[in-house]
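Here the protein sequences line up with chains A and B, keeping their order. Heads up: the first sequence begins at 1 in full-length UniProt numbering, then just goes up one per residue. Heads up: the second sequence begins at 1 in full-length UniProt numbering, then just goes up one per residue.
In case anyone wonders, no lab produced these hints; they're calculated from the structure. All residues carry an ideal CB built from backbone N, CA and C; glycine is no exception. Hints are supplied without guarantee of correctness; some may be wrong.
Across the chosen pairs, the derived CB separations fall in these ranges [said to hold, decoys possible]:
1. P186(B) - L85(A): 49 to 57 Å
2. P186(B) - Q206(A): 32 to 40 Å
3. G42(B) - P218(A): 55 to 63 Å
4. G341(B) - T267(A): 34 to 42 Å
5. Q206(A) - G42(B): 53 to 61 Å
6. P266(A) - N129(B): 47 to 55 Å
7. E340(B) - P266(A): 49 to 57 Å
8. R123(B) - P343(A): 24 to 32 Å
9. T267(A) - I47(B): 56 to 64 Å
Here is how the chains run, residue by residue.
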Amino acid sequence: MKSKGRGWTFPVLLFFVWGFQLGRSLQTERISGSAGDVLEDDPVGRLKVFVYELPSKYNKKILQKDPRCLAHMFAAEIFMHRFLLSSPVRTLNPEEADWFYTPVYTTCDLTPNGLPLPFKSPRMMRSAIQLISSNWPYWNRTEGADHFFVVPHDFGACFHYQEERAIERGILPLLQRATLVQTFGQRNHVCLKEGSITIPPYAPPQKMQAHLIPPDTPRSIFVYFRGLFYDVGNDPEGGYYARGARASVWENFKDNPLFDHSTEHPTTYYEDMQRAVFCLCPLGWAPWSPRLVEGVIFGCIPVIIADDIVLPFADAIPWEEIGVFVAEKDVPKLDTILTSTPPEVILRKQRLLANPSMKQAMLFPQPAQPGDAFHQVLNGLARKLPRDKSVYLKPGQKVLNWTGGPVGDLKPW
Amino acid sequence: MKLSALQNNRRSNSFRGASLLDSSVDGSIKSPAAIFWLVLHGLCCLISLVLGFRFSRLVFFLLFSSSTTTPPINLFSTANSFTETLSLHTSPPPNLNLTPLIPQNGVVTSSGVVVGRHGILIRPWPHPNPNEVMKAHRIIERVQEEQRIQFGIKNPRTIIVVTPTYVRTFQTLHLTGVMHSLMLVPYDLVWILVEAGGKTNETASILGKSGLRSIIHIGFNQRMPSSWEERRKTENQMRLRALRVVRDQKLEGIVMFADDSNMHSMELFDEIQKLKYIGALSVGILVHSGNSDELSSVIVTQKKDEVVGAEDPSMPIQGPACNSSGQVVGWHTFNSLPYEGKSATYIDDKAPVLPSKLEWSGFVLNSRLLWKDAEDRPEWVKDLDAVDRNGEGFASPLFLLKDTSVVEPLGSCGRKVMLWWLRVEARADSKFPSGWIIDPPLEITIPAKRTPWPDAPPELPPDVKVVNVDEHVEKRPARTRSSRSKHRSKRKREAKLAADVSAKHSVEN
């Protein structure tokens with residue numbers, strides 16, 4: 001009997017040792033956020049989405065007028081529409097749908113330089129909502145509480161690029177009850193509605209894949225950043241742009257050999273990010289930045305300098321463990337903060353970044369792949385179900401103010 | 001003039017600005033206080049134009065330093081006061097370490113993040129701190145180490161380096177080069193140095209500076225001969241002596257041959273870790289000529305041969321030749337035909353020194369091939385003593401193989417050159433201070449030509465001969481010339497080398 005016992009414990013011990021070594025040699029770590037281990041959930045079967053058929057002047061014609069909308073940072077609204085049209089979660093029967101999607105491309109009116117003008121967007125949105133509320137009964141049933149809209153512009157549904165103006169306007173009154181899918185996220189901000197889903201800005205997946213370098217290229221740049229420090233055209237003195245944070249980075253560290261930062265546009269931008277340990281992601285005119293997506297794809301630890309920012313899919317991805325958050329008032333001490341990070345913490349962050357599901361969740365690939373940003377949006381929508389019955393309004397009950405907002409918004413589009 | 005100056009400050013090229021100059025200009029015409037401020041502002045503008053910076057901000061800050069929150073004199077209706085001209089007294093100058101300004105009627109959200117103009121925070125001494133820089137470098141090293149562990153070579157093997165050497169003027173130069181390369185190798189290393197003429201303190205003192213842990217220093221009981229042909233043979237015997245040590249001590253690892261005058265790149269050591277049994281690398285052959293006329297004549301003849309299809313006169317390579325499926329089908333060797341009859345015979349000849357057909361340094365072996373009774377020893381390898389029956393050595397490790405098709409090509413089939421072969425030596429009778437330490441200090445010094453000495457040539461001691469060197473010679477860019485002529489006692493260069501050479505001569509004589 002004794003020998004039998006010994007014979008049994010030895011293989012178990014061996015198994016544990018092997019398991020421990022296997023864990024040690026794993027190059028990635030599982031990611032689980034505040035909502036649990038939900039990054040790899042499959043939304044199919046958990047919700048049904050009905051896509052309204054709007055006249056093409058709301059979507060196709062706009063895109064035809066300016067095809068640049070497919071490549072800029074706000075292209076998520078267009079690709080979301082295309083994804084939903086062919087997704088298994090789509091249902092053609094609106095009675096069984098949990099969520100309703102309105103395909104209106106509000107961010108496709110571009111200047112010659114490619115920047116979107118938001119001046120007509122509120123009117124476009126109003127017009128679309130008036131259409132769906134008069135042609136289908138589902139909007140009036142809940143006054144939009146089971147509808148979601150993709151508003152990827154700078155300040156989301158406030159529809160303005162300038163923060164003070166956006167705050168003055170506030171969220172479009174008609175969208176008060178709907179769920180907004182937007183890139184903007186800042187805590188306690190007028191333009192971030194409770195229950196919004198934050199998504200990353202669109203970054204072209206093929207372009208980034210084309211610039212990958214061998215992973216054994218040693219990371220020799222400590223901190224990397226390319227972009228403006230002073231927006232000379234709009235704020236030459238500094239202090240307004242980025243709340244002075246970017247200017248502070250430049251003034252404090254312009255002669256520091258650890259910081260590889262400049263305003264150039266090198267062709268090797270993506271390759272350089274893969275050779276850097278930290279990539280700065282400071283706020284600009286809005287707190288979010290495509291650098292976050294690029295940093296995650298290229299394994300460069302993002303250093304987020306934006307107070308109170310809400311990062312994409314914050315309930316699914318534990319950003320505090322992946323990136324480094326620096327308060328704007330601590331920017332002069334940025335080098336101390338970064339160099340005093342223990343190496344084990346840095347290596348752990350790199351392991352989390354290397355997790356392929358992390359990279360997948362930041363991208364909008366065509367065609368859609370499991371675990372990508374489209375699926376994370378659907379997962380986020382699915383997590384809001386089942387709904388409280390009180391969202392369904394009694395007949396005759398009206399909550400929304402159809403004539404609220406600036407007078408200019410009321411003009412028909 | 002002042003009004004137009006004000007209007008010129010409007011930002012006309014962007015739609016983000018909201019200038020309130022209209023209202024303030026109207027106000028200024030109406031109230032005398034506003035006129036006073038306008039006049040003052042104009043004065044400040046003029047002074048700033050002259051000085052070149054906005055001194056007015058500094059002045060106002062110093063004057064009103066306690067009252068950064070005093071209400072603005074002029075009316076502003078919103079917090080976004082883009083008027084840079086009239087906002088001087090409310091916004092802090094950017095170069096001082098201040099807390100962000102909260103505008104009077106600015107929008108403050110409940111989170112404390114304020115919209116509006118903020119100060120640019122700059123610490124008192126915005127320059128790199130050396131401690132931080134060192135910490136960052138350590139972090140980078142750790143990250144790179146982790147990268148190497150994850151993506152680099154798994155289970156790296158020990159590298160056994162075989163170097164034949166002997167004491168001569170250029171030994172320190174060559175050996176230090178190899179030593180420093182080996183010190184940078186991130187893998188375990190065993191360095192077997194075979195020294196012709198027996199072990200000496202000279203060599204040992206060079207090695208002592210390396211910090212390498214495993215050095216096997218063996219003496220070889222023959223002196224190094226003075227002709228290149230003989231030297232090659234002796235070196236081969238020395239290498240075999242080292243291989244016997246590998247066999248007898250059953251050293252485990254990859255054997256590479258690093259001649260002391262060769263140059264190795266770090267990628268070489270990563271590449272040879274891919275070895276299975278025996279591998280071949282491409283070696284870049286650097287053939288210098290003692291006499292530049294001869295070199296140019298060689299190049300000219302090679303260019304003529306180019307039409308016929310001979311080798312490209314750029315640096316020749318010795319190494320494996322592969323077919324399209326990556327197997328070794330032949331060898332690229334050095335084309336010595338253009339140098340027929342012009343190559344060096346003795347070590348200090350002025351002629352080009354040519355490599356042998358296939359240099360040992362282009363080969364790497366698995367040490368197990370040499371062991372006497374290894375179980376997994378392949379059958380195509382012959383025993384070392386069987387090939388080297390009479391102790392005369394052999395010219396290349398290929399002689400150890402029964403079948404040369406087992407050679408693995410390394411460095412993407414020989415396309416990547418990671419080491420270079422060169423032979424540069426001083427005259428056979430040249431002397432150098434032992435250990436390169438000049439002790440006792442020199443007595444005779446010759447003043448340099450360019451110091452403010454009188455024009456009359458200085459008195460020289462009788463045992464030093466001065467020869468007027470051809471100006472033409474000085475302009476030749478070939479670096480090897482200086483190394484060879486430094487030690488010629490009969491030639492003397494002007495200016496810079498004069499002092500050194502004469503100093504050496506005084507020691508030698």
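For each hint, the structure was consulted:
With their beta carbons about 54 Å apart, P186(B) and L85(A) fall inside the hinted range of 49 to 57 Å. A hinted range of 32 to 40 Å holds for the C-beta pair P186(B) and Q206(A), which are about 36 Å apart. Taking the beta carbon of each, G42(B) and P218(A) are about 59 Å apart, inside 55 to 63 Å as hinted. Between G341(B) and T267(A), the C-beta spacing of about 52 Å breaks the proposed range 34 to 42 Å.
A C-beta distance of roughly 58 Å is found between Q206(A) and G42(B), which places it inside the suggested range of 53 to 61 Å. For P266(A) paired with N129(B), a C-beta distance near 28 Å fails the hint of 47 to 55 Å. At about 52 Å, the CB distance of E340(B) to P266(A) agrees with the hint of 49 to 57 Å. Checked against the given bound of 24 to 32 Å, the beta carbons of R123(B) and P343(A), roughly 25 Å apart, stay inside it.
One distance hint, 56 to 64 Å for the beta-carbon pair T267(A) and I47(B), is violated here, with the actual separation near 45 Å.
Checked against the numbered hints above, the structure violates hints 4, 6 and 9; every other hint is satisfied.
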